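Undergrad: One-letter residues, chain by chain:
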Amino acid sequence: MSSSEVKVLGAWASPFVMRARISLNIKSVDYEFLQENLGSKSELLLKSNPVHKKIPVLIHGDKAISESLVIVQYIDEVWTSSESILPSDPYDRAIARFWAAYLDEKWFPSMSKIARARGEEEKKAAIKLVQEGLVLLEDAYTKCSKGKMFFGGEKIGFLDIALGCFLGWLRVTEKAHKVKLIDEAYSPGLVKWAENFCADAAVKDVMPETDKLYEFSKVLMAKMRAPQKPA
Amino acid sequence: MANEVKLLRSWSSPFALRIVWALKLKGVEFETIFEDLANKSSLLLQYNPVHKKIPVLVHNGKPVCESLVILEYIDETWNAAHPLLPKDPFGRAEARFWAKFSDDKLMPLIKKATIGQGEDKEEARVQTAENLKYVEELLKGKKFFGGETIGYLDLAFGWMAYLINVLEEVSGATLIKKEEFPLLSKWMENFYELPEFKESWPDRDRLITKFKNYG
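Which chain is which? The protein sequence lines are Y and P, in order.
Numbers 1 to 231, taken from UniProt numbering, label the letters of the first sequence in order.
Numbers 1 to 215, taken from UniProt numbering, label the letters of the second sequence in order.
Hint data in this document are derived by calculation from the structure and do not stem from the laboratory.
Check before you lean on any hint, since a few could be wrong.
Among the chain Y residues that face chain P by a calculated CB cut under 7 Å, a handful are [unchecked claim]:
| no. | residue |
| --- | --- |
| 1 | Val70 |
| 2 | Val78 |
| 3 | Arg97 |
| 4 | Phe98 |
| 5 | Ala101 |
These figures come from a predicted structure and were not determined experimentally.
Glycine is no exception: its CB is placed at the ideal position from the N, C-alpha and C atoms.
Can you make the complete structure from the sequences, with help from the hints?
TA: Structure representation (structure tokens):
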């Protein structure tokens, strides 16, 4: 299949976009990466995701698929000759989906709260929440990995991708607020897991460097604080 | 091992109803455990320590949480009868996308438009109408979201078939007019009338009372 058949609409800094790219890499599928500009939405984005107008969008031939976890599952179900991303057992799949939903609905929003916290008290509380989440995730890691390296076992899978995509921003948060989030003290498994995830062939070229992301986060913060331009 | 299936639910939760419907469609026998959400049982806390919420499906002692996750688990485990998700990957992606839309966008909007406290109800109503257009569009040329028979997305949207009417009555707002949303209105009627689900609907008067006291 030619690379023009598969496109990813996204941005290099977005963890959600990374999920789609890692999945395509696992399947060895060539794709065109179309990056959106910060602050504006392209015609193609508005046309292919009119409901949410958000990235990532996977464009496969004449089809557009939105919502990162929906995209990952779509990729897994279309390109079946390569490595599976979801586990094969229905119960393991349910567990992976459960934790992925937890990440998006609870854990990642709690991490965003750290940057938005006003004052030390709020920041401390926000950090505590993230760390408590990581304790849960460490336990999930122990149970899912069953002694292997990844949530998915020997190879990275759905839950590795769902959590791993946040590592860039997690490191930026650690750097910006001088705090350790994934820590040997309460998440030793995840410390090692994070290293191995980032080193994975499907991940290493799409995981942004922490310094580059850190600089970008400052640009983003400045933009958020700037007075809004009239539409 | 014998197939032991339990469902922890509340009397009115639309998320739990999805599971009741799915199990009925698949012909799975199960035990129902009603939870009092104001007084959660130790069983619930044990089976769903992360969220402490219903529904929880317990299959041979192993808990599955989050209604849409449970639906897929049911579909994959009891895969001989009545498939819930379509076979083709794009159809599945669409169903998953719209189910998420139901829960993340539509349900909160509709609550805001009807029983929301002190928020801009009028704005919520306008947005509801805009978003309902997408749902209406999905039904073009179909009886159910799943096609000829109900599927995953019908179960995901099923809450509309009984809750919209209740919320409209409690708030005095009309969200779904037959002339504006003919396909959706017909779908709601058809879904509500399904013989398999006749026994499942929560008591309407009790729902009215619940939502009148909301907030």
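Undergrad: Hint by hint, note whether the structure agrees.
TA: Hint-by-hint comparison with the structure:
1. Val70: Holds - the Cβ of Val70/Y comes within 7 Å of chain P, reaching about 5 Å at its closest.
2. Val78: 5 Å, holds
3. Arg97: Holds, about 4 Å.
4. Phe98: Nearest chain P Cβ about 5 Å off; hint holds.
5. Ala101: 5 Å, holds
Hint compliance for this structure: no hint is broken.
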